[in-house]
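Colleague: Here are the chains, one letter per residue:
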Amino acid sequence: MPPSQSPPSRPSPAPGAKPRRHAVAGWFTEDAEGGPALLGSRCSACGTYAFPKETFSCRNPRCGSTALVEVPLSRSGRLWSWTDNRYAPPPPYVAGDPFEPYAIAAVELEREQMVVLGQVARGVPTARLEVGAPMELVVETLFADDDAEHVSWKWRPVGEAVAARPRGAQRPGGERG
Amino acid sequence: MSATGFEVAVLGAGMHPWGKWGRNFVEYGVHAARAALADAGLAWTDVQFVAGGDTVRNGYPGYVAGATFAQALGWSGAQVASTYGACATGAQAVDVARARILAGLCDVALVVGADTTPKGFFAPTGGERQQDPDWLRFRLLGATNPVYFGLYARRRMALYGATVEDFARVKVKNARHGVVNPNARYRKEVSLEEVMASPVVSDPLRLLDICATSDGGAAVVLTSMAFARRHTTRPVTIAGVSTVTPQYPNTVIEMPNFATDSAVGVALPDVSFRDSIARGAYEQAGVGPEDLDLAEVYDLSTALELDWYENVGLCKPGEAEALVRDGATALGGRIPVNASGGLASFGEAVPAQAIAQVCELTWQLRGQAAGRQVEGARVGLAVNQGLFGHGSSLLLKV
Numbered sequence: 001m002p003p004s005q006s007p008p009s010r011p012s013p014a015p016g017a018k019p020r021r022h023a024v025a026g027w028f029t030e031d032a033e034g035g036p037a038l039l040g041s042r043c044s045a046c047g048t049y050a051f052p053k054e055t056f057s058c059r060n061p062r063c064g065s066t067a068l069v070e071v072p073l074s075r076s077g078r079l080w081s082w083t084d085n086r087y088a089p090p091p092p093y094v095a096g097d098p099f100e101p102y103a104i105a106a107v108e109l110e111r112e113q114m115v116v117l118g119q120v121a122r123g124v125p126t127a128r129l130e131v132g133a134p135m136e137l138v139v140e141t142l143f144a145d146d147d148a149e150h151v152s153w154k155w156r157p158v159g160e161a162v163a164a165r166p167r168g169a170q171r172p173g174g175e176r177g
Numbered sequence: 001m002s003a004t005g006f007e008v009a010v011l012g013a014g015m016h017p018w019g020k021w022g023r024n025f026v027e028y029g030v031h032a033a034r035a036a037l038a039d040a041g042l043a044w045t046d047v048q049f050v051a052g053g054d055t056v057r058n059g060y061p062g063y064v065a066g067a068t069f070a071q072a073l074g075w076s077g078a079q080v081a082s083t084y085g086a087c088a089t090g091a092q093a094v095d096v097a098r099a100r101i102l103a104g105l106c107d108v109a110l111v112v113g114a115d116t117t118p119k120g121f122f123a124p125t126g127g128e129r130q131q132d133p134d135w136l137r138f139r140l141l142g143a144t145n146p147v148y149f150g151l152y153a154r155r156r157m158a159l160y161g162a163t164v165e166d167f168a169r170v171k172v173k174n175a176r177h178g179v180v181n182p183n184a185r186y187r188k189e190v191s192l193e194e195v196m197a198s199p200v201v202s203d204p205l206r207l208l209d210i211c212a213t214s215d216g217g218a219a220v221v222l223t224s225m226a227f228a229r230r231h232t233t234r235p236v237t238i239a240g241v242s243t244v245t246p247q248y249p250n251t252v253i254e255m256p257n258f259a260t261d262s263a264v265g266v267a268l269p270d271v272s273f274r275d276s277i278a279r280g281a282y283e284q285a286g287v288g289p290e291d292l293d294l295a296e297v298y299d300l301s302t303a304l305e306l307d308w309y310e311n312v313g314l315c316k317p318g319e320a321e322a323l324v325r326d327g328a329t330a331l332g333g334r335i336p337v338n339a340s341g342g343l344a345s346f347g348e349a350v351p352a353q354a355i356a357q358v359c360e361l362t363w364q365l366r367g368q369a370a371g372r373q374v375e376g377a378r379v380g381l382a383v384n385q386g387l388f389g390h391g392s393s394l395l396l397k398v
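Sequence lines, in order, name chains D and L.
Sequence positions in the first sequence follow this note's numbering and run 1 to 177.
Sequence positions in the second sequence follow this note's numbering and run 1 to 398.
Just chain D, with the same shape it has in the complex (with noise of 0.2 Å):
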């Protein structure tokens, strides 16, 4: 697959190391004060957020500005839902060999209210996510390939042990006709 675009990657891959990409460019920072943060926009005219972020024309219907600033959300909101995926996804999802199973959660953000999907940060037992408890953004590997390191946001309950580093390298999805 061609290499995603990316903001300047950090920390500083160590020499050698594959460099570390963004798996979607511009949906998310890790420059942002206090941590990552999704990237979302917020219209001038009548406050009200979009993620991904709407660069054209403001969602409300009795809107319709298109004065929309790029803004950090909230890095921390409380658990909507919750599931996983014990089966491999099809391509363009980037399975590992063999398939490591994920959960996926639904984060509900107070200051924006709306709610955001995002994977659960790796080795987070599910038996940790409970409906309501408060969650947190962080970044890590969604897959490896023989280019780089593509990372992307997850959610993490909050207070639960950082992940460690993902296990050996992924092989890239087949191709699609």
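Keep in mind the hints are simulated off the structure, nothing from the lab.
There's no promise every hint is true.
[Claimed, not checked] Listed below are the simulated DMTMM-like cross-link pairs for lysine to aspartate or glutamate, each with C-alpha atoms no more than 20 Å apart in a straight line:
no.: 1; chain 1: D; residue 1: K53; chain 2: L; residue 2: D132
no.: 2; chain 1: D; residue 1: K18; chain 2: D; residue 2: E33
no.: 3; chain 1: D; residue 1: K53; chain 2: L; residue 2: E254
no.: 4; chain 1: L; residue 1: K20; chain 2: L; residue 2: D46
no.: 5; chain 1: D; residue 1: K18; chain 2: D; residue 2: E110
no.: 6; chain 1: D; residue 1: K18; chain 2: D; residue 2: E54
no.: 7; chain 1: L; residue 1: K188; chain 2: L; residue 2: D203
no.: 8; chain 1: L; residue 1: K119; chain 2: L; residue 2: E254
no.: 9; chain 1: D; residue 1: K53; chain 2: L; residue 2: D134
[Claimed, not checked] Partner residues are not named here, just some residues of chain D that face chain L (Cβ under 8 Å, in silico):
no.: 10; residue: S76
no.: 11; residue: W80
no.: 12; residue: D84
no.: 13; residue: P90
no.: 14; residue: V116
Where is the CB? At the ideal position from N, CA and C, for every residue including glycine.
Assemble chain L onto chain D, guided by the hints.
Modeller: Same frame as chain D, now just chain L:
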């Protein structure tokens, strides 16, 4: 029942059995169309307007389904339209045909939908598609359709104390209904234990809680009421069609989105999106949930069927589990749901599914649903929802 002036008749209904046949979807559509025409007592050349439900999985001919079916049936010069609204595709096709009939532009319309599906999870279109949210939700989250179903199911557990056993009860009921349906793909009863012991796909949902993807085709012949009365004394009518979109802000996460709308600064709408879907059909038909004799609801998962009970007004929020536990929604109960066997017995053939719901209601309202008949049924509701914010609901009566 008084006519609202916006009614059309379902003069014919036909299906190709659901299964995993692996043949061209056009074949299923043509089979269903011919069955519907035979049921109506009309010839293909009597059809003045064809509405085809598009399929995204079958390439170029699937995207132009109306013309594809018309060509396969033999070019007749009929006017044509093709529609797409994901799972709501069939309702849109019915709505377009209905509008043309009500406008007086034609008397006889044929609506056809059919699909051939791949094995396993539905996947987005291939390639590198960084602007396509359907592609991105797989790439960045690995969020398959069952992931969204799992999120809704867990939310029911958290809000209302639903259990895995409650979900399994829905499957047991629908499988029992489907046993006698000749068009169903799965015609075998299952036990609560079998459902709960099937492999977890997206916790709390098991394999048998989640509908399969199927091949199938469905068609209906719609006519003006005046035309129908020349052919039958007791026409089944479509009295309401709802193809509503959400009202901002939609605060429930929808496939394939990454987030809900933000409720900052904008008051919540009076009704949620899912509640608004059937409401649109009720209002057009001048009936309410208390008038229903049966309902066909879109059981993509067992837990979603429970959500629908509440969304279409069969009970209050949080009471759906009691309905299925008490057998109220089983055949013989107060308000049978998915007498056809539902998606649990059919699996999903996307562009055909809303049309298949119309077929089942038509047969039920005529008293022809052998082995699964809801006795004396006069009013039936179908409800469904398509990816990207497509409502689908039809109200049929006789």
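Colleague: What hints, given by number in increasing order, does this structure fail?
Modeller: 2, 4, 5, 6, 7, 8, 10
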